[in-house]
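Residue numbers (my numbering), protein chains in the order written: chain A, 1253 to 1558; chain B, 1253 to 1558; chain C, 4 to 267; chain D, 4 to 267.
What the hints contain is simulated information worked out from the structure, not anything from laboratory work.
Among the hints, a few may not be true.
[Said to hold, decoys possible] As a list, the in silico DSS-like pairs of lysine-lysine whose alpha-carbon atoms are at most 25 Å apart:
(1) B:Lys1332 with D:Lys260
(2) D:Lys187 with B:Lys1532
(3) A:Lys1332 with C:Lys204
(4) D:Lys151 with D:Lys131
Please read these numbers as outputs of a predicted model, since none were measured by experiment.
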Amino acid sequence: MTDLSIDLGKIQLKNPVMTASGTFGYGVEYADFFPLDQLGAVVVKGIRMEPSHGNPTPRVAEVSSGMLNAIGLQGPGVEKFLHGEEYMPFLRRSGATVIVNIWGKTVEEYREVAAALDADREGIAALEINISCPNVKEGGVAFGTDINLASQVISAVRGATSLPIITKLSPNVTSIADFARAAEACGSDMVSLINTITGMAIDVRTRRPKIANVTGGLSGPAIKPVAVRMVYQVYKAVKIPIIGMGGIMTGEDAVEFMLAGASAVAVGTAIFIDPMAPIKVIAGIREYMDEFGIKQVSELIGAVKV
Amino acid sequence: MTDLSIDLGKIQLKNPVMTASGTFGYGVEYADFFPLDQLGAVVVKGIRMEPSHGNPTPRVAEVSSGMLNAIGLQGPGVEKFLHGEEYMPFLRRSGATVIVNIWGKTVEEYREVAAALDADREGIAALEINISCPNVKEGGVAFGTDINLASQVISAVRGATSLPIITKLSPNVTSIADFARAAEACGSDMVSLINTITGMAIDVRTRRPKIANVTGGLSGPAIKPVAVRMVYQVYKAVKIPIIGMGGIMTGEDAVEFMLAGASAVAVGTAIFIDPMAPIKVIAGIREYMDEFGIKQVSELIGAVKV
Amino acid sequence: MPQHGEIISNEILKDSYRKVVFYVPDIAAKTQPGQFVHVKIANLRDRILRRPFSICNVTPDGMLTVVYKVVGSGTEILAELPPGTVCDLMGPLGNPFTIGDDDELPVIVAGGYGSAATYLLAQRSPAKGILLLGARSSDDLILTEEFKSAGFEVRIATNDGSVGHHGLVTELVADVMRENPKRKMRFYGCGPFGMLMALGKMLTRGGMDGELSLDHLMCCGVGACFACVVKVKDESNADGWRYARTCKEGPVFQAHKVYYPEEN
Amino acid sequence: MPQHGEIISNEILKDSYRKVVFYVPDIAAKTQPGQFVHVKIANLRDRILRRPFSICNVTPDGMLTVVYKVVGSGTEILAELPPGTVCDLMGPLGNPFTIGDDDELPVIVAGGYGSAATYLLAQRSPAKGILLLGARSSDDLILTEEFKSAGFEVRIATNDGSVGHHGLVTELVADVMRENPKRKMRFYGCGPFGMLMALGKMLTRGGMDGELSLDHLMCCGVGACFACVVKVKDESNADGWRYARTCKEGPVFQAHKVYYPEEN
Ligand SMILES: Cc1cc2nc3c(=O)[nH]c(=O)nc-3n(C[C@H](O)[C@H](O)[C@H](O)COP(=O)(O)OP(=O)(O)OC[C@H]3O[C@@H](n4cnc5c(N)ncnc54)[C@H](O)[C@@H]3O)c2cc1C
Ligand SMILES: Cc1cc2nc3c(=O)[nH]c(=O)nc-3n(C[C@H](O)[C@H](O)[C@H](O)COP(=O)(O)OP(=O)(O)OC[C@H]3O[C@@H](n4cnc5c(N)ncnc54)[C@H](O)[C@@H]3O)c2cc1C
Ligand SMILES: Cc1cc2nc3c(=O)[nH]c(=O)nc-3n(C[C@H](O)[C@H](O)[C@H](O)COP(=O)(O)O)c2cc1C
Ligand SMILES: Cc1cc2nc3c(=O)[nH]c(=O)nc-3n(C[C@H](O)[C@H](O)[C@H](O)COP(=O)(O)O)c2cc1C
Ligand code: FES
Ligand code: FES
C-alpha cells in the first residue's frame, strides 16, 4: 500500500498536497468540484484585521507559461472570516484541514490577526504568515525582503499563538536561505516557498502596464525552476519542514519539489487552468510511487542525487 | 523615414538590437545566416585570461517557456580570442560593432582581461563586464550579488581601459537598482540586464538534476516579466543607458523593454529557436514604429505610461 | 467538473467574428441566458489560462454555441481548431439574466459581442421586444437576422453612421422610452464597459432599473481569485462601494447596484 | 537559413519508432551521410527549443526522411502532426561520415536510432558491407530490411537474446575482424554513448581507427552555445583534452581523437 500521509512535525496531513493561498479562494468556491477533505490542506486567501478592497483593475495578465497578478489581498477581514457563513464556518463543516494565510500592514497587525485566530482556533490547523506579497505597499514584501522586519513579524506571531506557524518566504531576495534560517530561529514551525516573483508586462499598443498596480507577481510553470532551486537551497539551510510551490501542474512536478527537499507542496495557478489539478496531483504522486515502488511518500523528501 | 539609430553615450548603434552574450558564440557561427553588420552590435561569449573547459555535461535543460544552462563559460582565453582566426580577426573583417563580454575568477583577472583587450582594441566598441554568471563557482555571480565585490570589479576594469564599459547585472538580488547605482558610481558607462535567474530541474525518474552543475541559469520567455520589471526599476534609479534583455522573441518584446526604460536590447535564447530572430526583431521594431508613426526609436525609451 | 466539449463546427460568422458549436450536453442542459463557459482552448501553447465566452445558444440535443471575435492569441488558435477537436469547458458559470413576464417589453441594449450574449435571452423571453444594437460600423453588427427570427425588432446605431442611427446606442434608449410611455419595460445591457456605465446611469437616474452584464478579464471563473472585480455599491462599507467578482456575483448585476465612475 | 519543411507522411515504423518525410529540397540536395537537421516542431507549446534528428535518407526530388523514437514531449507532438503540417528545419548540419573507397569493407556498428543515422551512408558506400546492429530486444531493431536491400549483410545482437547474438553488439566486431584478416575495413559507429565509447576503445587499442557519431543534448545546433560538448584529446591543453562541440566539430569524430572516460 502506498502511504501518502505526511508528518509536518506539529501537523499531520493525509497527503502532501495543499492549495496555494489566494488561488483557491476560501475553499467554498471549489466545493462543487471535489470534497475539500481530499486535500492535504486548504490554505485560504490572505486575511488581515480589516476588510480590504485590494488593488484597482486590471489585476491579472497572462504571460508565457504563467501569469502576473496584483490582486492586492482583497478580503473580508478577520471577524467576517471567522463568522461569515461562507468562510470559516463552512470550512469547519467541510472537514478540511485548514491553514489560514495572514498578513498585516504593521507588525502589530500581524500579531493581532494571529491572536484573533488563536482565540477562535477550532478547525484551524496552522497559520501561514505571508511576508511576501509583492502587491501591497505596506506589509507584504517589504517585510519579506528585510530580514529584521521579517524576524519581528514572525516573533510577534509566535508570541500571539500556540498554533503551528508557517512562514511564507519571498523569492525576491538574494539569499532565501538566510530568510529561512531567520524564520527557524524566530520559532516558525515550517516555511513555505515560493511566493510570486515580482514582474511587469507592458501593452505596447496602449503603452500602459498590463496590471493597474504597474508590477505584479509572476506565478505558474514559468517560475518552477526558480522555486525548485530555492527549495533545494532552503532544505540545506534549515531543519524545519518545507512546503514547496511554484508552477506545480502535475504529480511529477510535485515529486520534483519533494526530491529537492519539500515535505509537502501547494498547487496554485494550475487550479485556474484545471480546478481538479490538486486532486490530479495527488493521483499523480500515487502513480509515481507505485511505478517506483515507493511505500511512504516521505522517502522522497530531499532524495535528489547530486 | 523611421530612424532606428541609437546613441548610447559613448557608442552609437545603427539599431538597438544586439545579441546576448553566450547565445551567439563569437559571431562566426551565424555569419552564414545574415551579415553581422546588420546588427546593432554583436556581443560575444564571455572571455577570461585563460582558456576554460567550462562545466561537465549535461549543460542545458528545457523547461516551460525557457531553458536552464550551465555552460560554465567555456572559452579560448583572451590571447586566442584576439588572434585566433575565427574570433576577433574574423569579427573585425565582418564590419560588426563588437562588444566583448569579460569575466575573471578574481578582481585582478577582470582587470587583466580588460587591459589585454584595451591594448588590442581595434574593432572593439565596448566591454561588457559579466559579474552575473550563475554557473561558475569563482567569479560570476559571487561578484554580482555582493555590492562591494561588484564595485571593486567595475572600478578595476574602469582603471584598466578607456573603452566604454557595460556592467551586466544579476537578477538574483533583492534590489537590482542598488547594483545599477553602484555600477554608475564606479564609472560604468552603461548597464545591461538581466543575466539568467538561477534555477534547477530534477529528472524525477533518475532523481538527478537535469544539469550536471546542479543549478543553471533560466533564460527565455519565462523570465521576460521579471526582466521588464528590473529594467523599469533600474531606469528610475540611474541616468546611464540600459541594455535590456530576457526572453525577447519579437519586435514587440523589444519595444516593451524600451518602453520600460531600455535604450537598446539583446536577443538571446530566441536565437537558438530561430537564428534569424535578431533580424526579425529589428524588422519588428521598424513595423511597430511605422504603425504608430514613431520617427526616432529613442522616443520609446522609458515611455511607458504609469 | 470541467467537461469535454467536442467542436462540431467552427466557422466565420462575419469578418473577425466566428461561431463555434460544441457538443457538451451537461452544460447545454443547464444553461440559462447570460451565463458563460470558461474554455481551455486546445493547443494553447505557452498561454495557459482559460478564456471566458458567453453562451449564445444551446439546443436540447447538447449543442452549445459561442460567438467570438478574434482578438488575440487564444481566439486566433480557437479559430484554427477543426471540428473534432476536443476542448475543456467549465460551465454554465455566473448568474443569468432574469426572464421577464409576458406583459413586459424586453429591451436589450448591446454592443460588441453583446448580441451573442443576449440571444438566448431573446429566444426565451415570453414577450418579444427590441434589440438596440450599437457598433463602430456595419462590420461589427452580428446576429441581427437571428434576433429578427426570434421575433425581436432590431434598431441599430453606428459610430460612423454606416447603418442606422449615427451615434451612440444609448441614444436609442430614450426613443424607446418615449415611444412606450405606459408599457412595463425590462432593460438588459451587454457590451463594452463604457456603454454599460452610460446605460446604467441613464436608467437609474431616470428612476428605472435594468440588468447589466459586466464582464471583466477573468482568471478562475468561479470566484476564487478576485481578478474580475467591478465596483458595486455597498452601504455597509465606509467607502460606499466594494469590489464584486463578475464571474461569481455577476456577470449580470442590477443597474442600481453598480457603482458608477463619476461617483468616485 | 531555416527552411520550411512540409510533412509529406508521418507513420509508425515499428513500436515507438516513427518515420517522417519532409519536403525540403534545399536541404535534401546538400545532405551527406551522417548529417542532421535541427527541427522546430510545429505546435510545440511551451517547449521552445529545436530537436536534432539525423537524416536517414534523401531523394533527388526533395524528400528528406527522419526516423525518430517517441521519447518525450517533442517527439510525442511530432508524432501527432498530420501531412501538410509545415515545420521549420535547419540543415544539413554537422560533419558527415567519410565515404570509403570501393576496396574497403564498410562496417557499421549501430544501436538505437543509429541504423537510421547510417542508412544513407550504407546507400552511398561504393562497397557493400556489414551492419552490426545492437538492441535491447527485437522490438528495437529497425531498418534491417532496408540495409539488406542496400546490399548490406545484417548481424544482430540483443541484450535479451531474443534475436541474433545474445550480448553486446561490440562483441560482433571481433568476429568481423577475425573473418576478414586481410581486408581493408572502415568502421563507423552510431548509437548510445556507452556503446560508442566501447567501440572506440576497442578500435584504437587494436591499432585501428573508425568514425563515431557522437551526439549530445543540443541547443543551437551550429556551434554557438557550447551545450553539446564531448571530450576530445588535445595535446595543446595541459589536461590533455578539451570539450568539442558535437554539432559543429562533430557529430562524426575520428575514434582516435576521442578522449575515453577511463583515461580520466
Ligand atoms: C464573462 C465573459 C464573457 C465573454 N463573452 C465573450 C463572447 O461571447 N464573445 C467574445 O468574442 N468574447 C467574449 N469575452 C471576451 C473574451 O473572453 C476575450 O476576447 C478572450 O479571452 C480574448 O482571448 P485572446 O487570447 O484571444 O486574447 P488576449 O491575447 O488574451 O487578449 C487580447 C485582448 O483581449 C482582452 N481580453 C483578454 N481576456 C479577456 C477577458 N477574459 N475578458 C475581456 N477581455 C479580455 C485583452 O485585454 C486584450 O486586449 C467574454 C469575456 C468575459 C469575461
Ligand atoms: C545529432 C543528433 C541526432 C539525433 N538523431 C536522432 C534520430 O535520428 N532519431 C531519434 O529518434 N533521435 C535522434 N536524436 C535524439 C533526439 O534529438 C531526441 O530524442 C529528441 O530531441 C527528444 O525530444 P523530446 O522532446 O521528445 O524529448 P524530451 O522530453 O526533450 O526528452 C526526452 C528524453 O530525450 C533526451 N533528449 C532530449 N533531447 C535530446 C537530444 N537533443 N539529444 C539526445 N537526447 C535528447 C532527454 O535527455 C530525455 O531523456 C538525435 C540527437 C542528436 C543530438
Ligand atoms: C491570483 C493569485 C493570488 C494570490 N494570493 C496570495 C495570498 O493571498 N497570499 C499568499 O501568501 N500568496 C498568494 N499567492 C501566491 C501563491 O500562493 C503561490 O505562492 C504562487 O502563486 C506560486 O505558486 P503557483 O505557481 O503554483 O501559482 C497568490 C497567487 C496568485 C496567482
Ligand atoms: C546558453 C547560454 C549561455 C550564456 N552565456 C553567457 C555569457 O557567457 N556571458 C553572459 O554575460 N551572459 C551569458 N548568458 C546570458 C545571456 O546573455 C542573457 O543575459 C540571458 O540569457 C537572458 O536573455 P534571453 O532570455 O534572451 O536568453 C548566456 C545565456 C545562455 C542561454
Ligand atoms: S475570475 Fe477569479 S474571481 Fe472571478
Ligand atoms: S548545440 Fe550549441 S554548440 Fe552545439
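Cross-check of the supplied hints:
Between Lys1332 of chain B and Lys260 of chain D the alpha-carbon distance is near 22 Å, which keeps this suggested pair within the 25 Å criterion. In summary, the hint linking Lys187 of chain D to Lys1532 of chain B is not supported, as the alpha carbons are separated by about 52 Å, beyond the 25 Å threshold. Proximity of Lys1332 of chain A to Lys204 of chain C is assessed by CA-CA distance (about 32 Å); at most 25 Å being required, the pair is judged violated. Annotation: proposed proximity of Lys151 of chain D to Lys131 of chain D holds, straight-line Cα distance about 10 Å (limit 25 Å).
Violated hints for the displayed structure, listed by number in ascending order: 2, 3.
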